[in-house]
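K.L.:
This is what each chain is made of:
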Amino acid sequence: MRISVTVDGTQYTDDVEPRLLLVHYLRERLGKVGTVVGCDTSNCGACTVHLDGHSVKSCSVLAVQADGSEITTVEGLARDGNLHPVQQAFQDNHALQCGFCTPGMIMQSIDLLADNADPDEAAVRAGLEGNLCRCTGYQNIVRAVRDAAQKMRGGAGPEAEQVSERPVTAGGGA
Amino acid sequence: MTSTLEPEVGKARRRKEDARLITGRTRWTDNITLPGMLHLAVLRSPVAHARITRIDTSAALELPGVVAVYTASDLDPEGAIALPCAWPITPDMKHPRRPVLAADTVHFAGEGVAVVVARDAYLAHDALEAIDVDYEELPVVLDMEAALADGAPLVHPELETNRNALWVFDSGEAGTGGDVAAAIDEAGASDDAIVLTRRFRQQRLVPAFMEPRSTVVDPTGAQTTIWSATQVPHILKTMTALTLGLPEHKVRVIAPDVGGGFGGKIAVLPEETMAVLVALKLGRPVKWTESRSECMITAHHGRDQIQDITIAARRDGTITALKVDLIADMGAYLGLVTPGVPILGAFMFNAIYKIPAYRFACTNVFTNKTLTDAYRGAGRPEATFAIERIMDELAAELGMDPMRLREQNWIKHEEFPYTTVCGLTYDSGNYEAATGRAMELFDYEGLRREQQQRRESGDPVQLGLGISTYTEMCGLAPSRVLGSLSYGAGGWEHAAIRMLPTGKVEVVTGSSPHGQGHETAWSQIVADQLGVAFEDVEVIHGDTQSSHKGLDTYGSRSLTVGGIAVVKAAEKVVAKARKVAAHMMECSEDDLEFAEGKFTVRGTDKSTGIGDIALAVFAAHDLPDGIEPTLDAEAVYDPENFSFPHGTHLCAAEVDTETGRVRLRSYVCVDDVGRAVNPLIVEGQVHGGLAQGIAQALFEEAVHDESGTLTTGTFADYLLPSAADLPSFTTDRTETPATSNPLGVKGVGEAGTIASTPAVVNAVVDAVRHMGVNDIEMPCSPLRVWAAIHRRDPGGSGIGGAEAGGGLGSISSTEGGVQ
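So the sequence lines, in the order shown, correspond to chains R and U. Just so you know, we're using this note's numbering here: the first sequence kicks off at -3 and counts up by one. Just so you know, we're using this note's numbering here: the second sequence kicks off at 33 and counts up by one.
Same shape as in the complex, but just chain U (with noise of 0.2 Å):
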C-alpha cells in the first residue's frame, strides 16, 4: 500500500489533555493526601517593615490538633539559609538573605513569621490566631524614585542602600551601534529633526494564575517527595539540594497537574522549603495550600517599571537614537529571577525597528513590598510597551500616521537575517505580509474616516485606532548568552524517547507543561518524525525520577527548545532502526529510505516497519553485531539562536469622553510565529495572551496604601477581567519558517501579551489625543480616562490616582492622567 500519512505537525489535533480536565479526574498537588499528611498555615507579617520584638507561640501550641508551631529560630537556628536568587545580574549586585520565615525584621506585608502544623487545614488557620506577635514598626519605602533618593530609610540596612544594581548595554561601546549621546545632541541641534522624551509607566501586576500554590511533601521513602504547583520541578530539585544542603540523589519533586502559571510558578518558594524543612523534622508527610488571599501577597508580582524613553529621528520619520532609563522594582527580596526580568527586555526596545544608536540603563531598587519576578514575557512586554508608545508618539509629533512611521523604520523582509543594534540576530520574520493581512481585516482606512467623522461631529464617544508591531526574543535560550549576561544556568532541553516492544512509544520531556499542551504537540512531532500514529505516543513529564534531566517551562521556551530535543531523540531513534533495518533486510544502510514509519529499500517494495524493528530489537534474537538491544534515545538541544515571532496587532477603541469608559470595539492581530504544529492550540495562545495584555492596558494594578498594605489583595479587588469585560478577536497568521531550527517553529506563549499592551493604550490616546491628551496612565480606567480628558489630575486632585480594585489612591500623589 502506498498511502500518504497526513502530516500531524499543521493539525488542529483536539488535546489529549483535556480528557481528564474536563471530567475532574484530575492531578492537582492540593488533592494529594498522604495517610499521617499534617497541613501548615503560615502566619504572615501585617506590615511592610517591622522589628520583630516577641513572638508568643505558646497558646497556639495548646490548642486540640496542633502538632507543632515554629518559627525562624526552630527551623533556620543559625539564619544560614537563603533562598536562591539565580541571576546575579552584575558583579557587584546587592543581594540580601531571603529566608524561609523572618527572624527578628519583616520587609513586606505577607512575609512569613511562623507556621503552624496540625492535623487539619481548618485547625492550623486557627492557630494562626493564637500566635502573639509583637511588631516595633519601622519606616517604609515604596516608591522607587524615593527609594533612591539620598537619606531614604533601607529596607535592608546591612547593603546601605536600597540600589540593588545598575544595568547598561550601549551600542556604541559593545560596537554593535553609534554613540547614543552624540546622536540626540545632533538630533537636538539640528532643525531637521526631533528630540522627545516622555515617562511611561508599568504598573505593577499580579500573575494570577487560577490554581494557587501547593506543596506535598513526603520524607517517609528512600527519597524525599516534593510534590508541587510549579512551572520548575527540576530547577525545585537541585535549588532544594543546594539550598538545604540536601544530597541532590535524595529528592524526587513532582510537577502533577499545574494550573496555570504564567512566570508566577517559575519560583523556588519559601513555603516549598519550610514544608521540606517541617517534614524532616517530623517524619511526616505535610501539605501547603495557599488561600488566595495569601497568594495575591505573597506570590510574585510582574511588571513594576518606570521607563523614561528619549527618541531621536530626523523629521522624515527615520530614527537614528533611542535611550532608554528604567528604574525596576524589585520589591522586599530577590526572587529566582527578579534582578534578570527587566534585562531581558533590553535587546527589545530596539523591536523590529532598524535604530542606529541605543542605550539602555537600569536601575534595579528595593522596596518594601513583594518581590516582583517573572510574568508572561518578562522584561519584553514593558520593552514593546514603551517602544510602541513613543512610536505613536513621535508620529504625533511629526504628524505622519502611526503605521507610515512604522513602515519606514522596520526591517524589510528582504533584510533578513538581520543583525539589530544589541547584536541579535533576527533569522527571518515579514513585517509587510503580517501589517498587509492585519490592515485588511481591520478595515484600517474605513476606521479611519469614522474617526474623522466623530471628531468633526463632536461625538461624545470618541474613536481611537492602536498599533503594536512586535517582535520578540523567546525560546530562552542560547547557553552561552545566558552565560554571558551571568544567568546561574544553560538554557538547553532534555528528551527521550523509549520504544516499547508493541510498537508503541513513549516520550520523556524535561519541559513540564501547566496548560500549554505538550501532550499533544509532543504527539504530533514524534508521530510525523517516527511514522507512528498519534494515538500511539505517551509524553511523560514532570517528575524528575521518570524526566530526570530538564530546565522546564518559561519564555516560550517548550516548543522552540524542548520539541527541538524531541525531533533531535527521534532522529537518533531512526539512526539505530536504520542499522537493525539494514541487517533485517539483507542489504547497506544506504540503499534504505525511511518515511511513514517504514523503511524501504530502495527500488523495491520490501519494507519494514519501525514496530517490527522495535520488536526484533526487544528480542534481541538476531542483531548486528556491537549493536545494543535497544531503540531508545535522548537529546540533549541547546539553540544556536533566540526565536523571533512578530506581529501587527490593530485595535479600535470607542471612548466615552463624558465618564470615561474604554470599549474595544474590534480587536485584530496577525502573528507569525513560524510553522505551527496545532493551530488550535497557537490560536489559544494568542487569546490568553491577548487577554493578559488587555487586562494589563485596561483593569489590572496591584495598589499598596502608604503603609505598604497591598489594598488589591483578592479578586474582588484586583480586576482580572471576566467573559463580560473582553471582546472577541479576530486572529489570523502568516507563517515564516524560522530558520534557526529543523521545525520553523517559533515561540507563541507571550506574543499575545506582550504585542497587545500598547495597541490598547495607543487607541485609547488615539481617541482623545485632539482633546490634548498625550498619555493615559495604566491601567486606563474610567476615572484615569476622564481625568486625562477634563485636565484634572487624579491623584492631586484626591480622587485617587490607582482606583483599579480598592480605589484607595496610588502611592505617589503626583503621577498620573496628563503629562
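Chain R extracted, bound-state conformation (with noise of 0.2 Å):
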C-alpha cells in the first residue's frame, strides 16, 4: 500500500506492506532510530512518538493507519539548535541514565503536559504510567517533567503539539 506521512517536518509517500508497524517504518525504512523498540506487547512505551500532536506508541500502529498524518519523533523536537523544554528539564534534573526509554518518555511527557499544564506529583506519574524505566526510578523523571512544565509557555512546543481544542491555561499549554 501507498502511504505519505510527514515525518519531523519531512513528507514522504512510500509503498509499505499492511502488516509493516510505524515505529519498524520509521526506524528501518526512514532511518529515524532515536525512536526505539522496547517490548512486543506495548506495555513499555520506548516508541512513543507523536501522531497528529498525540501520543501514540508506535509499535502498536500500523505504518498505513498513519497515511496522510504527521508525526513527530524525538528526533523532530528540538527547533533552530534549542532543545524541548521537556529535553532541557531531562539532561537538567538528571532524569535518564541509560536513555533506552527516554525518546518514549519525552515524548509522552510532551503530551500528558498538554493536557496538564502544571501537574502535581500523582498527575505525572499517572501519566507516565504506560512507560517504563528501569534505571532511574522515576523520581528525576517526575521532577523533570514537573520542572518543564514551571519553564514551559504556550507556544514553547513544536506546533504539532499544541492541542488547540481546548483553552490553554497562562503559563501552560506547549
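Derived from the structure by calculation, the hints contain no laboratory data. One or more of the hints may lead you astray.
From the structure, some residues in chain U lie toward chain R, with a derived Cβ separation under 10 Å [as the list claims (entries may be wrong)]:
| id | residue |
| --- | --- |
| 1 | T58 |
| 2 | D62 |
| 3 | G220 |
| 4 | S222 |
Just so we're clear, the structure is a prediction, and the values are computed from it rather than from any experiment. Where is the CB? At the ideal position from N, CA and C, for every residue including glycine.
Bring the two chains, given one by one in their own frames, into a single complex with the hints.
P.N.:
Okay, structure coming up:
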C-alpha cells in the first residue's frame, strides 16, 4: 500500500506492507532510529511518538494507519538547535541513565503537559504509567516533567504538539 | 592570576552523555545497518525438556528472501562448541556443555534449535513458522529440592546428578572465627540464649534492562567486528576467540550505546556466537535483535534461592552464631559467572555485625529453566535480605526493638578497620552516623506511636516499619581474591590518557558504561587531576580497537577500580610533564609545584601550563635528553581490597488488612558511599537501585508452570513497576571516605537494590505481626499478604501462590504464606 506521511517536518511517500508497524517504518525505512522498540506487548512505551499531536505507541500503530498524518519523533523536537523544554528538563534533572526509554518518556511527557499544564506529582506518575524505565526509579523523571511545566509557556513546543481544541491556560499549553 | 579553581569532583555536573540520548542521536546496536546485511531469527523450543527427533527446514528455505536456515549440525557439526563459564567454583563442579543451538536435546523452554537468515527481520520471523520440529518430551525438573531428591529426573543425564556444586565457608575451618555447630549447640542448651531458624525464599527475577539484546557481526574487514548490547566487550572479545578458536587479534568488539544491563548483559551469548558463525559462513554482515518475549525466556534470570538461616543469640541480644544453608537454582546451563553468583553472597550474610562463628554452605542445582546469572547485586542482595529479615525476627523473638538489636551487634565506628568473621577487612564506615540521620529524617519514634494507635484502634489499615542496615562488598575485585575463589580472570582495570597538542585530553577507559555516566564522572576526575577544563576531556570506551584493554562494568567496580586507574594514569602524565616543565623553566624538578594545571617554580611566579607542555612535547624540538616525545600514559590498577558502602534504609508501609494491598508511605535511606564524584549521579543510582529492590519485595517474579513454561514472559505479565507504582524516596548521604583508594570512593551501583528489599518486607511483616504473621514470601502481592493475615495457604487453597503477573500458580503448592 502507498502511504504519505510527514515525519519531523519532512514528507515521505512509500509503498509498505499492510502489516508493517509504524515503529519499523520509522526505523527501517526512514532511518529514524531515535525511536526505539523495548517490548512487543505495548507495555513499555519506548516507541512513543506523536501522531497528529497526540502520543501513540508506534509499535501499536500500522504504518498504513498513519497515512496522511503528521508524526513527530524525539528527533524532531529541537528547533534551530534549541532543545524542547522537556528535553532540557530531562538533562537538568538527571532524568535518564541508559537513555533507552528516554525518547518515549519525553514524547509522553510532552503529551501529558499538553493535557495538564501544571500537573502535581500524582498526575505526572499517572500520566507516565504506560512508559517503563528500569534505571531511574522515576523520581527524577517526575521532577523533570514538573520542572518543564514551570518553564514552558504557551507555544514553547512544536506546533504539532499544541492542543488547539482546549483553552491554553496561562503559563501552560505547549 | 591566583584564582582557585573549584574542584570538579563533588560537583553535581549535568551529564555529557545526555545530549545525544535526549535528542535521539543514539547508537544502539539495533540502529546499525551495513551494506548487504542479513537478519537472523532463532527458532526456540516451546518445551522445557525434550529430545529433538526431527527438524525439517526445507519449507522455510523455499520462502522468498530466506538465505539460509541452520541447525546445530550446520553450525557445530562436531558438537564441540561450548559457551564459556568463567567461574568453576569447586574442582569437582559439574559443568554441562552449553551449545550454540540444541542438537538432540533441549533443556529449557526457549533454547534455540535453528536459526533463519533472511533479507529482513520480518521474513526471517515468517520463516520460523515453516520449520517443522518433532519433540519427544522428557520429564522436567523445576523445583530445586525435588531436583536434589533421589531418583529425580536429570536435567543432564551425562552428569549423573542435578547437583552442580557444593561450596562451603566455615569460619572455624578458615580460622577467622569460631565453630558454628558448637556455638549453636551451646545456645540451644542454655536458658539464657535462643536459636532461631527460618527459611526464606528468593524468588526468581528477570533483569529486564530496557534495551533488548542485539548483535551485529561484520566479517568483511581485516578484523571480524562484533557490535553487541553488552556490558562486557573485552570479555566478549577474548571469550569469542577462545570459544570459536579464532585468533584474538582478528576479533574486534564494540559496545556502542547500551540500554541498561543490571548484570543481565554480563554474558557471552549463544546468539552472539551464532551470529559470528553465520557471518563467517556467508561472508556477509548479519544482525540479531531479540524481541522482549525472546529476552524474557532466554536472557539469564537472577536470584532464585532457598535460604535456611539459623541464628543464635543470648537473650540480651548478642549474636553468637550464624549458619546459612542455601540452595541456588542455576537453571539448565552455566553462564559466564552463574555458579559464582550465590558465592558472592557468602561473605555478606554476616553484614555489619560482629558475629563470632559463621558457616555458609551453598548447593547449586540444575533445573529445566532459563539459566540464572548476575542480576544487580548478584549474591549480595540475597545475603542482605536473609540477615536483615532474620534480625527482625530475632528482635521479635527477644522482644527487642529491631534497631536496638542491630545497634548492639554492629561494628562501632571506632572499631574500623575491622576484620569480619569471613576474613574481609572493612576499611571504613560509620553505621551510627547513617542510622542517626535516617532515623531523624524518618521520624521513627513518631511512626512507632502511630503504629501503636492503629493497632489499638483496630484500624483496617495497619502501619509497619522496616529496617535494613546494610553493607556490601563491591568494586570487583582484588585479583588475588578472585584467584582464591577460582574465578577465571583478574579484577584490575585499565586507563590511558592521551594529551593532545592543543591541550585537550582523551581518556581511554576499559570500563564500558551502559547508563552509569562514566563520560561525565571520568571527565570530572581528570579535570581535577590535570587541571584542565571539564569540557576539554573526552572519554573513549567500549571499542576494543580504541580501548584495547579492560575488564568492563559490573559489581559496582567502575569508579573504585576503573576510576582509580584513571587517577593513576593522570599521575603518570603529571610525572612526565614535570620533567619537561623543569627543562623548559630551567629548574630542578624538585622545585616545581603542580596545581590547577600549572607547574610553578616554588617561590616565584614563573609557571607553565600542562597544555603548553603538551604542545612543546608534540613539537619535540627541545626535550631533555632521554625523554620520549609524549606525555601519554596508561595504568592498570588492581585494588587491594573491596569497597564497603553501607547505609540505613527505613520503610513505612501501610497494609490494608482487608485487601492485602501494600502502600509504601515513606522510604528514607541514608547511604554512605564514601566521597561522591558526582552527587547527582549518585542520587540517580540510589533511586534506580531502590526501585529494583522494592520491585523484588512487592511486584516481580518469574513464574514457571508445571511443564516449565515461563508464564510471566512479557511485560504484561512480569510486573516491572511504573511511575505510578512507586513513591518518592527521601535520600541523603553521610561521607566516610574509603581508605583503600586515593579518591576515597566506594561503589554505589548496587547499594539501593541490596538494601531496599528487606526494608520493605520487614515493614510489611511488621504491619501485621500482631496478627500472627512472621513471614510473607516475595513478592508481597495483595493475595499473599491477605492470605498470610487470614491464615490461608495461598498454594494449598488453589488460588495460586505466585500470582505475580500471570496468576497461573507457582511450581510448588506447599510454598508461601505463613510459616
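K.L.:
For each hint, tell me whether it holds in the structure or not.
P.N.:
Status of the hints after comparison with the structure:
no.: 1; hint: T58; verdict: holds (6 Å)
no.: 2; hint: D62; verdict: holds (8 Å)
no.: 3; hint: G220; verdict: violated (43 Å)
no.: 4; hint: S222; verdict: violated (46 Å)
Hint compliance for this structure: hints 3, 4 are broken, all remaining hints hold.
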